[in-house]
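Participant: Sequence:
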Amino acid sequence: MNDTIARYFAAFNAGDTDGMIDCLAEDVAHHVNEGNVRVGKDKFAAFCAHMSRCYQEELTDLVIFANPTATRAAAEYTVNGTYLTTDEGLPEARQQTYKLPAGSFFDLRDGLITRVTTYYNLADWIKQVSA
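Everything in the sequence shown is counted per the UniProt record's numbering, starting at 1 for the first residue and increasing by one.
Careful, some of the hints might be misleading.
[What the hints assert, rightly or not] Per label pair, the in silico range of CB-to-CB distance:
1) Ala70 to Lys127: 32 to 40 Å
2) Ala131 to Thr71: 39 to 47 Å
3) Ala6 to His50: 22 to 30 Å
4) Thr82 to Gly103: 19 to 27 Å
5) Ile126 to Glu26: 33 to 41 Å
6) Thr69 to Gln95: 40 to 48 Å
7) Glu92 to Asn67: 40 to 48 Å
8) Pro91 to Thr118: 14 to 22 Å
These are computed hints drawn from the structure, not numbers from a lab. C-beta atoms are modelled at their ideal positions from N, C-alpha and C, and glycine is treated no differently.
Just need the whole structure built from these sequences, with the hints factored in.
Facilitator: Structure below.
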């Protein structure tokens, strides 16, 4: 297992955005599901602040995979969340809970994450919070 990726997810589950950012390279490319690529720690931090306002999430069933040279990694997990505040363009938030399978892919350089790509089924999420 890759220690950087394990620290990144431990920080996520602790609600520790600074801990997540400590795992990133300055030029990190953040590819979000159904969104544009954000480059740099400042844009990653702004994204995390937005997400923290709208969602409370904990990741379970985490499995991390890494190549032998520790330059690439992937993780599969379950997102257990509560939709706190309406996110623009999405259904109205009413404290709905949801549970989604998801995955992330990473590039690493010198022990830091240079790319984070996250995937989940947005249609499934919308169905769950619209019920």
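Participant: Check each numbered hint from earlier against the structure, then list the numbers of those it violates in ascending order.
Facilitator: Hints that this structure does not satisfy do not exist here, as all of them hold.
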